[in-house]
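With the hints in hand, could you dock these two chains into one complex?
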Amino acid sequence: MMKRRTVLKGIAAGAGVTLGMNATYLRAQTAPIRIGASYALSGVGAPVGTQMLAGTEIAIHQINRDGGLLGREVQLVTRDDKYNSAESVAIAREFAGDGINLMLGGSQTVTALGLAPLAPELNMVAIIVAAAGMPVTHELFNRNIFRTTANNYTQYGSLGRTLIEQNPEIRTWVSLAPDGDFGRDSALFFGRAVEKYSEAASGEKATVLDTIYTQATATDFRTQINQLMSSQAEGLYLGIAASAQISFFQQARSVGLYDKFKAIGEVGNSDITGKALGRNTHPNLWSICHWLYNQEPFASNPVSQQLYKDYVELKGDDFPSGQVAAGHRAAIALFEGIRKAETTDTDEVIGAMENLSFESAGGPVEFRTEDHQMLGLNFYSQMGPSTEEPYFQFNKVTSVDAVEMIEPANPGQPFDINELPQ
Amino acid sequence: MVQNSSTSIQGRMTTFSPVLGPVVLTALFAFLFFAPMMLNAGLLFWVGMTMIQAIFALSWNLLFGYTGLASFGHAGFYAIGAYFTGAALRYDFQLPFLVVLAVAGILGALVALAIGVVALKRLTGIFLAVLTVALTEAMAKIIGLSKALGEQDGLGNIPRPIIDLGFLDLDLTHSHDYYRFLLIATVVTVAALWWVVHSRLGRSFRAVREDAERARFVGIDVARVRVISFMISGGTAALAGALSAPWTRIVTLDQVNWLASTQPILNSLLGGFTSFWGPVVGAVAYTGINYWTRTFAGLSEMLVGGILVLVILLAPTGIVGLLGKATRRIRGNGGKK
Chain U
1 MMKRRTVLKG IAAGAGVTLG MNATYLRAQT APIRIGASYA LSGVGAPVGT
51 QMLAGTEIAI HQINRDGGLL GREVQLVTRD DKYNSAESVA IAREFAGDGI
101 NLMLGGSQTV TALGLAPLAP ELNMVAIIVA AAGMPVTHEL FNRNIFRTTA
151 NNYTQYGSLG RTLIEQNPEI RTWVSLAPDG DFGRDSALFF GRAVEKYSEA
201 ASGEKATVLD TIYTQATATD FRTQINQLMS SQAEGLYLGI AASAQISFFQ
251 QARSVGLYDK FKAIGEVGNS DITGKALGRN THPNLWSICH WLYNQEPFAS
301 NPVSQQLYKD YVELKGDDFP SGQVAAGHRA AIALFEGIRK AETTDTDEVI
351 GAMENLSFES AGGPVEFRTE DHQMLGLNFY SQMGPSTEEP YFQFNKVTSV
401 DAVEMIEPAN PGQPFDINEL PQ
Chain R
1 MVQNSSTSIQ GRMTTFSPVL GPVVLTALFA FLFFAPMMLN AGLLFWVGMT
51 MIQAIFALSW NLLFGYTGLA SFGHAGFYAI GAYFTGAALR YDFQLPFLVV
101 LAVAGILGAL VALAIGVVAL KRLTGIFLAV LTVALTEAMA KIIGLSKALG
151 EQDGLGNIPR PIIDLGFLDL DLTHSHDYYR FLLIATVVTV AALWWVVHSR
201 LGRSFRAVRE DAERARFVGI DVARVRVISF MISGGTAALA GALSAPWTRI
251 VTLDQVNWLA STQPILNSLL GGFTSFWGPV VGAVAYTGIN YWTRTFAGLS
301 EMLVGGILVL VILLAPTGIV GLLGKATRRI RGNGGKK
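Just so you know, the protein sequences line up as chains U and R, in that order.
Start counting the first sequence at 1; every next residue gets the next number (the numbering used here).
Start counting the second sequence at 1; every next residue gets the next number (the numbering used here).
If you're looking for bench data, these hints aren't it; they were derived computationally from the structure.
Note that the structure is a prediction, hence the values are computed from the model and not measured.
Fair warning: there could be bad hints in the mix.
Label-pair distances were calculated between CB atoms; the ranges are [stated by the list, open to error]:
hint: 1; chain 1: U; residue 1: D401; chain 2: R; residue 2: V99; range: 50 to 58 Å
hint: 2; chain 1: R; residue 1: A192; chain 2: U; residue 2: R339; range: 55 to 63 Å
hint: 3; chain 1: U; residue 1: G68; chain 2: R; residue 2: V99; range: 49 to 57 Å
hint: 4; chain 1: U; residue 1: Q215; chain 2: R; residue 2: V99; range: 37 to 45 Å
hint: 5; chain 1: U; residue 1: S243; chain 2: R; residue 2: G306; range: 26 to 34 Å
hint: 6; chain 1: U; residue 1: P168; chain 2: R; residue 2: G306; range: 52 to 60 Å
hint: 7; chain 1: U; residue 1: K260; chain 2: R; residue 2: G288; range: 51 to 59 Å
hint: 8; chain 1: U; residue 1: R143; chain 2: R; residue 2: K147; range: 53 to 61 Å
hint: 9; chain 1: R; residue 1: T26; chain 2: U; residue 2: G68; range: 23 to 31 Å
hint: 10; chain 1: R; residue 1: A192; chain 2: U; residue 2: P411; range: 41 to 49 Å
hint: 11; chain 1: R; residue 1: V23; chain 2: U; residue 2: R339; range: 37 to 45 Å
Think of the CB as a built atom: it goes at the ideal place given N, C-alpha and C, for glycine as much as any other residue.
Extracted from the complex, chain R is given alone in its bound form (with noise of 0.2 Å):
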């Protein structure tokens, strides 16, 4: 929990310039549309997934950085997103794409849900945590026995979606296309949450995160606020889920168990928990130590290993926070704000 974080998350993004940000926002958005002409198609794979995998870390970190809740099984909602779509283009539901994505979002959200209001009174702490881990448990059992989901071969030979706007369509068969497709699909996640985190309910996110008596006492509905931020965060890893059956072409059962829902996990705390770029960050650091490393088998885990323990131990704000020491050393204020 951090609900006794003594990093803000209000105003972290002060330490760099207001004009700077949209600046590289910019420039990072120009670089990754025309990454197609310019990257390798083993290395743009990776940068849809790293887009993939930062939705996914951040979906989970709106629940831990932003209202103190920890998940630990959050893959259930990703996989809810994943399978679904998976099922509706490899079997062709008749569904939009667009409507499809929706639906994994929805059901995401409607499964958290569940999940909130069977723990309404409890949703914190270890009761959550163990909620989580047996949904993903859960479904992990019914897709190993469900013929029509792959069993435990997976859902493969997922086709990729053509969108049809009444006036165009919009042809994502191309690895390219649909790249590009999720670069927008991503932006707009990120952008959606960035209103959320930033919003009314985002500021009662946080204050039922710093003291949940005290945000009771100003008449703030507890309960309600951790169901909506949950809500949320599962539709937003549903949707992460959703995007990813067709630029893989294969869901399996390695994204249903507990390994992937450290994943998210893994990111938000490398990047930096205590910022909203920060699983961001993470998951495109991941990716680096991985993608830099695929020549030498085993490598990359003990890498990572190692930079979180060092993470932890070292700049428990992760990658962001120590950016943020760092350009404030040298500002010349010694580290201090």
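Only chain U is shown next, with the shape it has when bound in the complex (with noise of 0.2 Å):
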């Protein structure tokens, strides 16, 4: 017989096991959710990566004012990648080795190239924001990383049939593009895109002419600059980035560059150019948009007014990059994901976000199953001088759904563009 106080000791110490036990449950439920967030945030990449992380911060801020996430504070814990690819590794190991399952990355596809091969090895789900490069979705993919940017073919594509369509009368194009795989690629895909587009724009077949190379940090233009009059080309594509782009403006200009060329679509400066040249702007220069707070269909956006409200108040700055909005969906992305697994388990996590669709301040965007590559439109805007400050201004935004422009889903192997119907 087993005497009243062993029993009642017994009770007493199982008791004490399932209360601890039932402690760190809830402590696991009530914790909170810890997000890491890779930028390059110093060197040259920090441009960009600073303003994502800028919107990274504000999709936390809101959804903690909301109260949260299944009911506990997310936290983000920030770390730099220096736009290297070392660094990204050693940033995901690191937030691996924390217990941190869910991250954003891949600023610049450098940054993602070095994460993506990775996140099934650390079982984590990695959310690349910016990395347009093509392997993320094709031969380096696996079934933990999701993309919430386009992806070159597609926003190329997309310019070139933007410009075709908006200057149909521009029979003969030309682009001058930096002499490597993302120089090559991108004048590649905005030249088909042209040629495809333009029949059904004025019923005759654009002329695309031999891209002109040139070095990406070129400071001196005049040979291409030349080669460039000598075309019959009316319509550029300018792959060039950064001041490198500011640099050929300024010296096109001088030559007579704007005259001769009616259209021109740049890579992605947008804003940096128009600040940087004002008044000496081309007229009918058009960029890539990831976001413009007063133009519509941003302004009539909910979560576009509420992203811009909110950074006014937390970085007082009234004008933002668009920039923001990339690392701002990023995070919706991975939220929403979380919401509908309702759980952080990575697996499950990766489940939900298979065929997730939100809300983001472009509008309604979901991922393709197949590759992870996420779908909606992607915005094009066209911008000219302006005879009040800043001395340029945006005229016009336009959008292509990605829909209509992307390659099928091809995971695992490499995007080829011969081998997609013409």
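Spelled out as structure tokens, the structure:
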């Protein structure tokens, strides 16, 4: 016969263990959800990475203001990947070691390519925020990664389509691009789209001349400008970015290139070029547009309105960069995945995100199940000079649905444009 | 050039007790071997990268600290090893991994030989510096145009190897296993370099560094010695690159530019180029600064830059030189030998 004291001790011990286990369980269920963010915050990638981080921070602020996620506070753990693949690898490993299984990263292709193959090994959901390189959803694809930006084929094909549809009278086009895989590919995608959509736009197939190549960091474009001026083209795709693009425009303008080329599509500098050139901005300059808070359709989008309001409040700046929306959209994608999965478990979140659709500052978006590529509207803005400060203005924003411009899903296989129907 | 360096490398370790060195190294090896059980995965990755950077810096310092030659494009050799190994694993060259590493090192040495033959008569000073920078730039151009090597994006998704030993398969696909392989490879490489610099060959390197004319007068073939030093240095740098490819699982053009070439120089100066262990200490210090400032964007570069300026101004023999001075002072001889 067991003594009463022994029985009581047993019950007390059992209750203690149970309470302890419950306390651990409850702590896990009420502890903050920690999300890692790896952006380029110093070095050459910083101008883009810091803006994306601002968008992500605003998304975290918004979700916590609304009561958190699954009843838990969301915490952001930020690291600087320095625009370097080895750093992005180290950061992902550090996050995994700290028990973080949900992360945003890949603000550039080079860091995304370091991060992507690691995600399965680290049992992590990795949102590729802005890397547009084709390998991410092709030969490097794995089910742990989701890309929340358009890929290069969709982006520059859509830019080409926009340019020819908006300027159907221009019959001959040419590209000036940096001599690298990105430059060659973006010029190729642009040119193929111009050819393809020109017949529908004007009833006649446009001519696309051979691409003229230069260095990505060149400062002297006299040779290329001379080639452009002596060509038959009246439409131009400009694949050089950042300060090199501004140097090009300054040199080109003085020799009459603005009069010769009726329309120019540029790689993505957008307002950076407008701010640098002011009154000297080309009158029909088209750019990839991530977000323009005061232009439709963004101006009437509630997500966009709230993003702008919170940006001004938190950052004290009235003129956000379009890249802010990219960091914001990536964070929302992850939040919605967690909300749908009702857990932060990696496999459950992946499953929930595979056919997820959600509202972003640019309207509704969704993931393609096969290769986790985000689909939605891609926007293109037209700008020109203005008589009022800041002496350039956006005149128009158009959009192209990614569904119409994307290649068929082919995860695990390299992308080859020549295998697509022309 | 360090031909007139007033600080001799030989005998530097006599500052420390002859027993202390092996004890410290054994303890360090034991700690590093069991590190996967103790460290966060992110920190472990940086420990692995530090070992690779230490080999890279030692390879550069063999040339600079021991032979008196400066290479400003050493990243070219590193990239040869990294890209060759990355491609061999990614495209399954059907070569045993140890053979891949050996071929990578030999490729680096052969490229160094080619450069050495071109500049045999003038393999010193600005000629060598310009040639090595040109090598790195040329390699970046070639890789940037090669689709198989990933062009501007880099060669990603590199699998980790399985070493077939005949009676046993050594599976290095898990990061902890590859880390331990990396540790052993580092120990072997460092030991080999130690043996080289303390051998007859190493003494001829130092003779050439101290006074090439006098070395020639006593019968040393100066040009040959310089080429051999350059080959060992290039081959070791390529081996460091080869070891890095399966660790990071991606090789990019970041590793083939002048900035990457400054890394071994920085580590050697920080740790002390006059000591064999200086580059290793410099690599550890550099990683430490980077790691502890990782939450402050841009701070690590400022700190490293500032510390480097201080080291060059106040302690040109680096951290090891400073430690040696402090040890001698504690022993009561006022920092003088």
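Next item on the list: Quick one: which hint numbers does this structure break? Sort them smallest to largest.
Entry: Going through the list in order, the structure violates hints 8, 9, 11 and respects the others.
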